[in-house]
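Participant: Sequence lines, in order, name chains A and B. Following the UniProt record's numbering, the numbering of the first sequence begins with 1 at its first residue and continues without gaps. Following the UniProt record's numbering, the numbering of the second sequence begins with 1 at its first residue and continues without gaps.
Check each hint, because a few of them may be wrong.
[As the list claims (entries may be wrong)] So the derived list for chain A, only partly shown, Cβ under 7 Å to chain B, looks like this: (1) Thr40; (2) Phe216; (3) Ser217; (4) Arg218; (5) Lys232; (6) Asn233; (7) Pro308.
To be clear, the hints were calculated from the coordinates, so they are not data collected in a lab. Glycine is no exception: its CB is placed at the ideal position from the N, C-alpha and C atoms.
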Amino acid sequence: MKYIIKKFFSMIITLVVVSFCVFLAFNVIPGDPALRKLGTEASPELIAQVRHEMGLDDPLIVRYFNWFTSFIHGDMGTSYNYNVPVAGMVLNKVPITLTMAIMSFVLTILVSIPLGIFTAKYENGFIDKAITMINQIIMAIPPFFSGIIITFIFGMIFKLFTPGGFVSYTEDFGGFLRYLIFPSVAIALPKIAMTVKMLRGSLIDEAAKDYTRTAFSRGNNTNGVLYRHVLKNAMIPVITFLGMLLADMVAGSIVIEQVFSIPGISRILLSSISNRDYPVVEAIIMGVAAIVIIINLLVDIIYRIIDPRIEITD
Amino acid sequence: MEIILDVTDLHIEFHDGDTPTIAVDDFDLMLGKGEIVGIVGESGSGKSMSALAIAGLLNRGSMKKTGRIMFNGDDLLTIDRSKLRTYQGDEISIIFQEPMTSLNPVKKIGWQVEESLYIHHPEIDKKTRKQKAIDMLKDVGLTNAEEVYYMYPHELSGGMRQRVMIAAAMIGGPQILIADEPTTALDVTVQAQIVELLKKLNKEMGTSIIFISHDLSLVNQLCERVIVMQKGSIVESGKTADIFKAPKHPYTQRLIAAIPKIDIGE
Numbered sequence: 001m002k003y004i005i006k007k008f009f010s011m012i013i014t015l016v017v018v019s020f021c022v023f024l025a026f027n028v029i030p031g032d033p034a035l036r037k038l039g040t041e042a043s044p045e046l047i048a049q050v051r052h053e054m055g056l057d058d059p060l061i062v063r064y065f066n067w068f069t070s071f072i073h074g075d076m077g078t079s080y081n082y083n084v085p086v087a088g089m090v091l092n093k094v095p096i097t098l099t100m101a102i103m104s105f106v107l108t109i110l111v112s113i114p115l116g117i118f119t120a121k122y123e124n125g126f127i128d129k130a131i132t133m134i135n136q137i138i139m140a141i142p143p144f145f146s147g148i149i150i151t152f153i154f155g156m157i158f159k160l161f162t163p164g165g166f167v168s169y170t171e172d173f174g175g176f177l178r179y180l181i182f183p184s185v186a187i188a189l190p191k192i193a194m195t196v197k198m199l200r201g202s203l204i205d206e207a208a209k210d211y212t213r214t215a216f217s218r219g220n221n222t223n224g225v226l227y228r229h230v231l232k233n234a235m236i237p238v239i240t241f242l243g244m245l246l247a248d249m250v251a252g253s254i255v256i257e258q259v260f261s262i263p264g265i266s267r268i269l270l271s272s273i274s275n276r277d278y279p280v281v282e283a284i285i286m287g288v289a290a291i292v293i294i295i296n297l298l299v300d301i302i303y304r305i306i307d308p309r310i311e312i313t314d
Numbered sequence: 001m002e003i004i005l006d007v008t009d010l011h012i013e014f015h016d017g018d019t020p021t022i023a024v025d026d027f028d029l030m031l032g033k034g035e036i037v038g039i040v041g042e043s044g045s046g047k048s049m050s051a052l053a054i055a056g057l058l059n060r061g062s063m064k065k066t067g068r069i070m071f072n073g074d075d076l077l078t079i080d081r082s083k084l085r086t087y088q089g090d091e092i093s094i095i096f097q098e099p100m101t102s103l104n105p106v107k108k109i110g111w112q113v114e115e116s117l118y119i120h121h122p123e124i125d126k127k128t129r130k131q132k133a134i135d136m137l138k139d140v141g142l143t144n145a146e147e148v149y150y151m152y153p154h155e156l157s158g159g160m161r162q163r164v165m166i167a168a169a170m171i172g173g174p175q176i177l178i179a180d181e182p183t184t185a186l187d188v189t190v191q192a193q194i195v196e197l198l199k200k201l202n203k204e205m206g207t208s209i210i211f212i213s214h215d216l217s218l219v220n221q222l223c224e225r226v227i228v229m230q231k232g233s234i235v236e237s238g239k240t241a242d243i244f245k246a247p248k249h250p251y252t253q254r255l256i257a258a259i260p261k262i263d264i265g266e
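Same shape as in the complex, but just chain A (with noise of 0.2 Å):
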């Protein structure tokens, strides 16, 4: 399909365009991975050679070019930190973190969308307005801080979770899950909050169109309305929402990746800007990248299978 190649070359641009920048914005802010290794003791001579051996003295141009070819030919590059290849460090992280943002996507999508019905179909009824004032609620609590509470209420009163005692997925998987639950939950709950009151809204747009009262016309009653008419229109606008808290899920499990104490790609990322190890950082940026462009083009193609009034023009 003609769209489908568009979007994938515009997908490669828009990744060479992320990288760059990263690289650019390394070479701005201070900091020196040579320094870092060697510590600020090392004698100016010796950190002259090392910034040679790492290549750090050749124009920026230079320096970008080499990374990006040896990257399109699947070299990640070494680590400055640790003397490893990035893609070793990298790759083997990688599920942790993708589990635990699809887990929580999941979960955002099984208990918004039936509460969101719920709600706008029981608009102003008192559990409504109870959902509503909780939505409020929630909303406003961070993740890391609901985390935090989870942790404390889950880990150490009911002791649900051992609270540190992650399970990594190559030992036991079903206990790499059961560990997951509670942080995608800290990560899903303003996401749900989200979600509720966006399809809710969504819902009662919808019943007010003229197109309901024809479906009422026709002897269908609420749910028949409800379920055959409005909830197809209404989640249109929910579908592209839901792509961009996917993509905003995979950025948020980092900050609950330190609450958690999970060593998920947050724990190096954060580690190796600090170091300025730029070869980890740009391996991760393109991976979070590439998750974030391959959903919206998920949610595009879905979009357009819902919405037939969206062509599909190249």
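Given the structure of chain A, go ahead and fit chain B onto it with the hints provided.
Facilitator: Then chain B, alone, in the frame of chain A:
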């Protein structure tokens, strides 16, 4: 003539503001089998409100409805909602002023035309339902019905969409079709075609039609009997020809005077 719908003393008022607003007062209507009755009046005269009440689509918390709408031995104002729903779309259908927005934008035309059958006659299988929908689309003048069946509303013009609305309303062979300003949003040439179509369906299927319009000349083309409404009340009613010849109420006289006349002989 057999009377199939008998509305007496219909009174509708809203309680949204400080003082109740009376939308319809003392409205009476008798509709015979196979008859076409027109309701005319300007915006806010209560004609659409009366129509929506008959179609069972007026359902707001802050309103009061009194009177009687007798259909098939039931008072539509007081019967159970589930009983009312068995009439809606099957015995009493309605088409609206805005064909552009009255169809669901994300559902195929065929699906929307068939929906009444799906709801009221689940015994009809999918294939027969599709055939009926295509036949109905042809009956309303969409010659490429097989293609239209798979299209979406945005792919059709306003006139075609109104034809689709009519097809969806008529597929169950209703006893009453309420046409609430069905031509107002359409071009003049398309208006005439829709009026002709309603006439044809009335003759072929024997469906009684309540035709609501602010355009007296269209009513004159279509309806034997007409009811003139102003500010929620009926000011005049009778045979269309008589009222056209000798309007008694000053409001009717003004409405007739407002019809643009084209004198070709000058």
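Participant: Hint by hint, note whether the structure agrees.
Facilitator: Checked hints:
{"no.": "1", "hint": "Thr40", "verdict": "violated (64 Å)"}
{"no.": "2", "hint": "Phe216", "verdict": "holds (6 Å)"}
{"no.": "3", "hint": "Ser217", "verdict": "holds (5 Å)"}
{"no.": "4", "hint": "Arg218", "verdict": "holds (4 Å)"}
{"no.": "5", "hint": "Lys232", "verdict": "holds (5 Å)"}
{"no.": "6", "hint": "Asn233", "verdict": "holds (6 Å)"}
{"no.": "7", "hint": "Pro308", "verdict": "holds (4 Å)"}
In terms of the numbered hints stated before, the structure departs from hint 1 and from no other.
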